[in-house]
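Asker: This is what each chain is made of:
There are 6 protein chains.
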Amino acid sequence: MKAGLTTLITDTPEAGFALAVKLSQKGVATTQTDPAIRKALRPSYAHDANSLIAVSHVVATHFQTIAAANDYWRK
Amino acid sequence: MKAGLTTLITDTPEAGFALAVKLSQKGVATTQTDPAIRKALRPSYAHDANSLIAVSHVVATHFQTIAAANDYWRK
Amino acid sequence: MKAGLTTLITDTPEAGFALAVKLSQKGVATTQTDPAIRKALRPSYAHDANSLIAVSHVVATHFQTIAAANDYWRK
Amino acid sequence: MKAGLTTLITDTPEAGFALAVKLSQKGVATTQTDPAIRKALRPSYAHDANSLIAVSHVVATHFQTIAAANDYWRK
Amino acid sequence: MKAGLTTLITDTPEAGFALAVKLSQKGVATTQTDPAIRKALRPSYAHDANSLIAVSHVVATHFQTIAAANDYWRK
Amino acid sequence: MKAGLTTLITDTPEAGFALAVKLSQKGVATTQTDPAIRKALRPSYAHDANSLIAVSHVVATHFQTIAAANDYWRK
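Protein chains in written order, with this note's numbering: chain B, 17 to 91; chain U, 17 to 91; chain V, 17 to 91; chain S, 17 to 91; chain D, 17 to 91; chain P, 17 to 91.
The following block holds chain B by itself, in its conformation from the complex (with noise of 0.2 Å):
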């Protein structure tokens, strides 16, 4: 996301889903902006169970507003 946030707009649910993952990670840099220190935190929540449920729950609060833009990928 070089470029910044220029579209909510994607192709598929799957890139929808992605740009929600991405979007959950952009929030996280946004207020840690030491990418360094990002990594480190990894293994604290890569290998446990709530941090990774959060995870989900933050994508899942993105993926809702990413469909609604993209009023569900509805043909």
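Please keep in mind that the hints were generated in silico from the structure rather than gathered at the bench.
Remember, it's a predicted structure, so these values are computed and weren't measured experimentally.
One or more of the hints may lead you astray.
Stated by the list, open to error - The calculated lysine-lysine pairs, modelled on DSS-like cross-linking and capped at a C-alpha distance of 25 Å, are:
# : chain 1 : residue 1 : chain 2 : residue 2
1 : D       : Lys91     : P       : Lys38
2 : S       : Lys55     : V       : Lys91
3 : D       : Lys55     : D       : Lys38
4 : U       : Lys55     : B       : Lys91
5 : U       : Lys55     : V       : Lys55
6 : P       : Lys91     : B       : Lys91
Chain B is already provided as a structure; the job is to place chains U, V, S, D and P on it using the hints.
Answerer: Below, chains U, V, S, D and P alone, put in the same frame as chain B:
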């Protein structure tokens, strides 16, 4: 979901709920990509009431999205 | 919900709330499929204020979905 | 709410907020049906900031539903 | 909010945000009605990052409701 | 946001995301008004994975509101 998420449309609310569970798991799997680690984590959340409640909350958020996508399966 | 979730439409808000409770439980049951384990977990959340508040939050999220599905039971 | 939840429509936002509080409590009461146990739990959450914040979040979710049901009490 | 909550309509997003903060506090006050206890709890959450983040999440939920009520203050 | 929040309308999703981060911080600042205390709290959340995930969830909720306000920046 081998081919990736291609649609949010399901025939029934039951299928919509199953998709919501899948998307909740997908949110975890995109963060912790190693299936062996995810499997090793199962005892820590599958036997913890608060973790199970948190999982149910993620499913509820995805189900809200999928229900809207399917216009609540109204006839 | 033996036949699976076939509709979100209910006659009354009360029935809608009961369905929201059921879906919250369904979210747990699809993750921890063993009823004996779920039953064994009950004392740990049914006597814990924070767990009960978290359950109520899941019910509130499902109730929001079901209320929208029923157009808020507006006459 | 002896007769059960019959409507989400309220005359004022204040009454809507009161209903949201009731539904939050109803979500707890449908899980822990014993009023004596619920009463015994009160000191543990009513004197805990994080528990009170979590309760407020459940009320906010129900209030969102009730406000939409009442078309935000717009004249 | 002595006269009770009479409207969700505000002139500006800033006023809408202030109302969201008030409703978040109202959610706590309806659960813990004793102002002295609420005041005594302040040090425990006002100096705790996770509590402050949780408060901000409640405000965000109420702000979502109020923004929709005001059609996002779109001219 | 010295002049207060005057609009939710932004030119781009990127600007909308930045506004969502600001509103998440505003939710904290309206509760803990002392900038020195907020600054002192930073190490406790900026180096904690669960806190950062929780912040991202607040941002996601505000972003959902802002995206709807901007009709998802659909051309």
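Asker: Need the status of pair Lys91 of chain P, Lys91 of chain B: alpha-carbon distance at most 25 Å?
Answerer: holds, 18 Å
Asker: Assess, step by step, whether the Cα of Lys55 of chain U is no farther than 25 Å from the Cα of Lys55 of chain V, and give holds or violated.
Answerer: holds, 23 Å
Asker: Just to be careful, I want the Cα atoms of Lys91 of chain D and Lys38 of chain P compared with a cutoff of 25 Å; is the pair within it?
Answerer: The given pair, whose Cα atoms are some 22 Å apart, holds under the 25 Å limit.
Asker: Need the status of pair Lys55 of chain S, Lys91 of chain V: alpha-carbon distance at most 25 Å?
Answerer: violated, 37 Å
Asker: Has the given pair, Lys55 of chain D with Lys38 of chain D, been kept, meaning a C-alpha gap of at most 25 Å?
Answerer: holds, 15 Å
Asker: Are the Cα positions of Lys55 of chain U and Lys91 of chain B separated by 25 Å at most?
Answerer: With Cα atoms ~37 Å apart, Lys55 of chain U and Lys91 of chain B exceed 25 Å; violated.
Hints 2, 4, counting from the list given before, are not met by this structure.
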